[in-house]
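K.L.:
So the protein lines, in turn, are chains A and B. When you number the first sequence by the numbering used here, it's gap-free, plus one each residue, and the end is 314. When you number the second sequence by the numbering used here, it's gap-free, plus one each residue, and the end is 1530.
Treat each hint with caution, since some may be false.
[Unchecked claim] Below, simulated DMTMM-like cross-link-like pairs (lysine to aspartate or glutamate); rule was C-alpha separation at most 25 angstroms, straight line:
id	chain 1	residue 1	chain 2	residue 2
1	B	Lys1203	A	Asp172
2	B	Lys1203	A	Glu271
3	B	Lys1203	A	Asp89
4	B	Lys1340	B	Asp1384
[Unchecked claim] Short derived list, chain A residues pointing at chain B, Cβ under 10 angstroms:
id	residue
5	Thr47
6	Asp89
7	Val157
8	Gly160
9	Gly166
10	Gln179
11	Glu271
Source of the hints: derived by calculation from the structure; they are not laboratory data. Note that the structure is a prediction, hence the values are computed from the model and not measured. We treat Cβ as the ideally placed atom computed from N, Cα and C, and that holds for glycine.
Spelled out from the first residue to the last, the chains are:
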Amino acid sequence: MRGYLLRRLPSALLVLLVASFVAFAVLRLVPGDPAAVLAGPDASPGTEAAIRARLGLDAPLHTQYLRWIGDLLTGDLGPSYAIGGQTADLIGEGLGATVELTLGALLFVVVLGAALGILGATSRNRWVGATVRILTTAALAVPPFVTGVLLVLLFAVVLGVLPPGGRVPLLDAPDLGVQYLLLPALCLALPSAAVLGRYLKDGIERALAEDYVRTATAAGIAPRRLLWHHALPNALPPVVTLLGMQTGHLLGGAVLVEAIFAWPGLGQLAEQALVRRDYPVVQDLLLLLVTVFVLVQLLTDLVHAWLDPRIRWE
Amino acid sequence: MTELYSSTPSAPSRRTTLRAAGGGTLLLGLGLAGCRSAVSEAEAPAGKAGAGPRRGGIVTVAVNSDFTPSLLFAQSGQSLQQRLIYNTLTRYDDRLKPQPELATSWEHAEDGRGITLKLRTGVTFHDGRPFTADDVIFAVKNLQNPLRAAQLRATAAAVTGFEKRGDHELVLRLAHPVNNLFDLFEFMVITDRNSVEDAVTGKKLNGTGPFKLTKWSPGSGLSLTRNEKYWQPDRPYLDGVELRVVPQADALLSSLRTGQSQLSFSVPGKNLAVVAATPELAISQYTTGGGAYYLGVNTTVAPLNDKTVRQALARAIDRERILKQVLGGYGLASATPWPKSSPAFTEAGRTHYTYDPGKARELLKSAGHTRLDLPLLHINLPGDTAVAEAIQYDLKQIGVQVTLQPTDPATAQKNLISQKMPGLWAMSHSFAQVQPSTLAVSAYPFNEAKNTSKFRSAAYTKVVREAWTTPGTGARANALRQQITDTLLDEAFIIDLVIRGAVQVSAKKLHGVTLNKFSYLNLDDAYLAG
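So that you can see chain A by itself, here it is in the shape it has in the complex (with noise of 0.2 angstroms):
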């Protein structure tokens, strides 16, 4: 497993160095600038030259990103320029937040693809497996920024059980904590868990299919044990790959729910920053989430290979 981990980190190292690159140069190709911002639209050309100064904007572009490289090695992420306070404070604060929703829709991702996979696969009623395809389709067709304003809609304005929007953190008050997070997350998942769900459904199937099991009920074992002890374990391998691609899809979808539900996350960072050109959160961030990619990809393929021997041996 050591070997197999080594052998991966190389090529991580590099996605980092290519990701670090890519993230220094867009935000510079973008026009407007975070002086501008700070300036306001009534500032003289004076204010803006100072501000340009103090921010050290005034630097060629190599030393900017030298700098900016070598204060990250030190684990100085340096101060925001526009939102104000330390980068490394902000993103924080974002993080604890986006890492919660992101956690709390993989729950929702695991035991509603679960569901709908193994209900889709062994379902012997024709009703049953029609209403499991619609429900994936319709999980997957319907955008989150329209299931958002809907699940908003019906529990918080309408049966007025369930908030509409904000946080209130799990870990200080875990009973209010998990009503702000339901609607989001169960938002955030819906599309993952049909994609989960259908994956599955085939994986079943195609087991459900094998000789194996044919010569096993012939034996005389009950399709519940067969399902649960042989199909089920057989089919999870490539389903753990996509939820680990999906938790990719889910940690970029959230910018987009955070919006919605008040959610105060990376993605509301993110996207406050972009706006005001926050040159220092905006570059931190996307190295954050490509460095999060990498390592849910790296685990991913490390549990693969841990519930698939053949893949660690080649």
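We have chain A already, so just place chain B on it with the hints.
P.N.:
Just chain B now, with coordinates in the frame of chain A:
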């Protein structure tokens, strides 16, 4: 590797792990049936039933963008917290007459080059330090610093001398007379000079205001609690204020409708009809106008360098339709920047360019054009896009084809400052709500020396400078304001469309909310009725 069976695993098996995960999920699900409800928790506890102010309760204000500490001394899209945490020297009433706040009285020097301020005694900052004349001196010098990007820097910079007469009396000496000193006093929050660098990074906001900051959670909002030692006796009534960031318009509306928040100034015009139909909510409007939508014209781009063409554009736009369709009817269609409360407001000015596509076509023809193609830059937010589309439609009716250039706010701002706008642009401006001279000195689109339209005229410069340095009342002041208005209308380099006042949506049980002229929220007298 040919190993067929792995050694006995010491870690949990796959099956056990899967079972544990399933079981955990179930347990968490069961745990969700919590005892407290987030819906009822969110509602602010109201005071006891009965008439009159009541103490207690927390008001949640829904805002669409977060507090930006680095813009603490500039006017930004989110200035609501300024007057909750800090005080200003004076505060305008509805007729632009200054009322005492931290300055209790004032006396102008006879030559107009100074003012003597008497300061309130017994005022302390949240950390217990007494407020003195030194804090006022610091506040003025702070706004002179270009890094603070304060819009009223020109006025602050006119103060060149400070003469302290004890801890609570101060003379400000001016390089030249200015008539918008009280705009500065309304705008300038009095901060603690010892912690100003912590203030602009959001670490510590130490003021003399009615509420103390307990926490700023970036992206989430501000939590404030009552200042028990506030200098106004028995105020504030409220226990605290929460400013909660809800960027998405539908979510903001839901938060008001479900009682999660009790106050907002960020409901878009098109959503106000929904608010009006909600029995628990009330809409009120500040007619003193904090901003205005306008069509900017680059006067160096042919044929827009011909003022007849600009006048034709000014006549071609149906301002009432924009008011109705984009702003939900809240605002004032006007060809001049002045709200009704401004001393420069005249009804004749407001209606100078009435919607008249026939006349517009005639003007265009007299300038030698029947068809024009022009670019129009606008900010790519829903409200701004709707205004740009309305302009595009109206101009098409007189033969002017407009190509929209949707642009993000940062780029638009950069273009505005660096004078790189295309032929036309649609944005909004502020600063007509206070002394008229402030508009031409502090609002960039109107600045006589350097503006985005690249409009320069010796006569305009002369009248603007004179209007700024002449005492603000009397016949001469009126005449100068009229001259500015006439120039703006005749030259049409900024074509004003609709003046928007702040639109307040609040729970009906919330009373006593006001805004100052720079949209600083004042909750000194606010209370939640039973």
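K.L.:
Identify every previously stated hint that the structure contradicts and give their numbers, smallest first.
P.N.:
Hint check: nothing fails, all pass.
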